[in-house]
Amino acid sequence: MRVRVDGEVCEAEEGQTVAGVLLAAGRNSWRSTRRGGRPRGVFCGIGVCFDCLVVVNGVPDVRACQRRVEPDDEIRTQHGAELPS
Amino acid sequence: MSRTVVSSIVVIGAGPAGLAATRAAADTGADVTLIDAAPKLGGQYHRQDARTGDERFALPAGVQHLRESVVWAIEPIDGGHRAHVRTGPADSPDRTGTSIDAAALVLATGAYDRALPFPGWDLPGVFTAGAAQALAKGQGVAVGSRVLVAGTGPFLLPVASSLVGVGAEVVAILEANAAVRGWLSNPFGALAGAGKAGELAAYAATLVRHRIPYRARRAVIEAHGADRVEAVTTARLDADWSPLPGSEKTMEVDAVAVGFGFTPQLELAVSARCELRDGFVVVDAAQATSVPGVFAAGELTGIGGATLSAAEGAVAGAAAARHVGAEVRPPLQAMRRIRSGRRFAAALGEAYPVRPGWRTWLRDDTLVCRCEEVDYAALRGARNDRDATGSRSLKLVSRAGLGLCQGRVCGANVAELSGIDDPAAFAGRPMAVPLRLCELAGADPEATPEIEPGVKV
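Same order as they appear, the protein sequences are chains D and U.
Counting in UniProt numbering, the first sequence tops out at residue 85, every number present.
Counting in UniProt numbering, the second sequence tops out at residue 457, every number present.
Treat the hints as calculated values from the structure; they're not laboratory data.
Since the structure is predicted, the reported quantities are computational estimates derived from the model, not experimental observations.
We treat Cβ as the ideally placed atom computed from N, Cα and C, and that holds for glycine.
Each hint should be verified, as a subset may be incorrect.
Simulated restraints, written as ranges between beta carbons of each label pair [stated by the list, open to error]:
(1) Gly-58/D - Arg-211/U: 44 to 52 Å
(2) Pro-71/D - Asp-421/U: 48 to 56 Å
(3) Glu-252/U - Gly-58/D: 34 to 42 Å
(4) Glu-74/D - Gly-165/U: 43 to 51 Å
(5) Met-431/U - Leu-83/D: 34 to 42 Å
(6) Gly-7/D - Ser-145/U: 47 to 55 Å
(7) Gly-7/D - Arg-386/U: 39 to 47 Å
(8) Gly-7/D - Ala-205/U: 41 to 49 Å
(9) Asp-227/U - Gly-58/D: 47 to 55 Å
(10) His-65/U - Ser-85/D: 29 to 37 Å
(11) Val-166/U - Glu-74/D: 26 to 34 Å
What the simulated footprint calls covered on chain D by chain U, stretch by stretch (three residues with Cβ under 8 Å from a Cβ of chain U suffice, anywhere in the stretch; the number is not a length) [what the hints assert, rightly or not]:
(12) 5 to 15
(13) 21 to 30
(14) 38 to 48
(15) 55 to 62
(16) 65 to 76
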């Protein structure tokens, strides 16, 4: 399947999580913190820490390590606290 | 708005404890609903590759398995408890809601890695050991190409092995505790008592084959990099885990996997008002908690690994079935395995504790709470200058533990740094998992899975 990551087409396979796709593509951060604007990616990997938040199909605050990709998902970096578009 | 769904027994968590509880309860003829967040069974320990269609575990006929489902609250009702569930893709506003009324609950929610803070631990490229393991086993991806594995306890070995399996170079394993003596005289002996000799021999062979050094009494005390980990400083530790001056070394790595034991996933036990002791759920010989009709099994009751968890699950499942009126033979074999498993777990806990010198790794600007970006100086200030001494006042004054993870990552560390003698002081969370406002407001009609009520004995 294909998904888009920050506008760029990316190959993905069924069963991969968003974090699995992003890490396999060589990314290790995809969020900036609300206060310091610091980069974050996966930390706990099992849905506990909420560090790996990402925007999926316009919905922010999705844990990349928990969400499985679907064909044509639009995935993008989350900047601080965002509201759903 | 929601139709009442009835299931005699609800098991929450499909790891070793929850699977065993489900089987034991279903074997008596009781009707069982198994709820788990993952698409596949197994939990963290038996994590399956999510990219294949295979399912390694079979459930007894008649068990209702709610996959990709999270319990966000438990409330008492007449004759039992009501579990509020959301089912669907993680964190999606389109999940469906269900309320399940159960005469007996088995909590088997497991545990997650404890991570200790150090300067730079918030850089991308620092992962928990469990993250490295989950991504390797579940997604076939390595968290880095040159990875350092550090922390304490035998879990570091399978993590290193999994990393090698997905093509990473593991530059070393650092065990912060000393190499222990007697029957725990080597890193691989530590699990031999739990019948894991074969598994550990395999890890040992992997380490030797890939020339991975195993260093005792050493830890990562700083990670360096601008926007990602580029290098780490490691140091030799004294018996209290204070770094020995002059022992520092720098290693170039692109990832670090750290794990300092495990923290139980307590929120549902807390919201059910189960009694806790030393940060774990108190259970009797039948795995019953202090709340009638609520049973607990696995790492919730103490960290002891998969074998003990499965034995506790078998007993909890049988006890839950008896509670709902099924005829049950006492699970004597599982009870014996629990007794020996707990002795082993106690020895393990003594061999691989977290020692207080980790606090000396912190600097003023080291983040303690990653979510709210609260550093060590701010936490100290809340306690010393503004007299915030309890967990609630500390949270409100410093904001530590108030963020998205609700203190799951920082809670035990904040408690220890602030002199709060209760590792579960930050474990109370009215919402067991975050929900979106539209979900809470019930913007979607609640759906109901088909579950036959009653006990089928």
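Each hint tested on the structure:
1. Gly-58/D - Arg-211/U: 44 to 52 Å: 48 Å, holds
2. Pro-71/D - Asp-421/U: 48 to 56 Å: 52 Å, holds
3. Glu-252/U - Gly-58/D: 34 to 42 Å: 39 Å, holds
4. Glu-74/D - Gly-165/U: 43 to 51 Å: Hint violated: Cβ distance 32 Å, outside 43 to 51 Å.
5. Met-431/U - Leu-83/D: 34 to 42 Å: 20 Å, violated
6. Gly-7/D - Ser-145/U: 47 to 55 Å: 26 Å, violated
7. Gly-7/D - Arg-386/U: 39 to 47 Å: 46 Å, holds
8. Gly-7/D - Ala-205/U: 41 to 49 Å: Given a distance of about 46 Å, which is inside 41 to 49 Å, the answer is holds.
9. Asp-227/U - Gly-58/D: 47 to 55 Å: 26 Å, violated
10. His-65/U - Ser-85/D: 29 to 37 Å: 34 Å, holds
11. Val-166/U - Glu-74/D: 26 to 34 Å: 28 Å, holds
12. 5 to 15: Holds, because 3 residues of the stretch 5 to 15 of chain D bring their Cβ atoms closer than 8 Å to Cβ atoms of chain U.
13. 21 to 30: holds (count 4)
14. 38 to 48: holds (count 11)
15. 55 to 62: With 3 residues in contact (Cβ-Cβ under 8 Å with chain U), the coverage given for the stretch 55 to 62 of chain D holds.
16. 65 to 76: With 5 residues closer than 8 Å to chain U, the stretch 65 to 76 of chain D meets the three-residue bar; holds.
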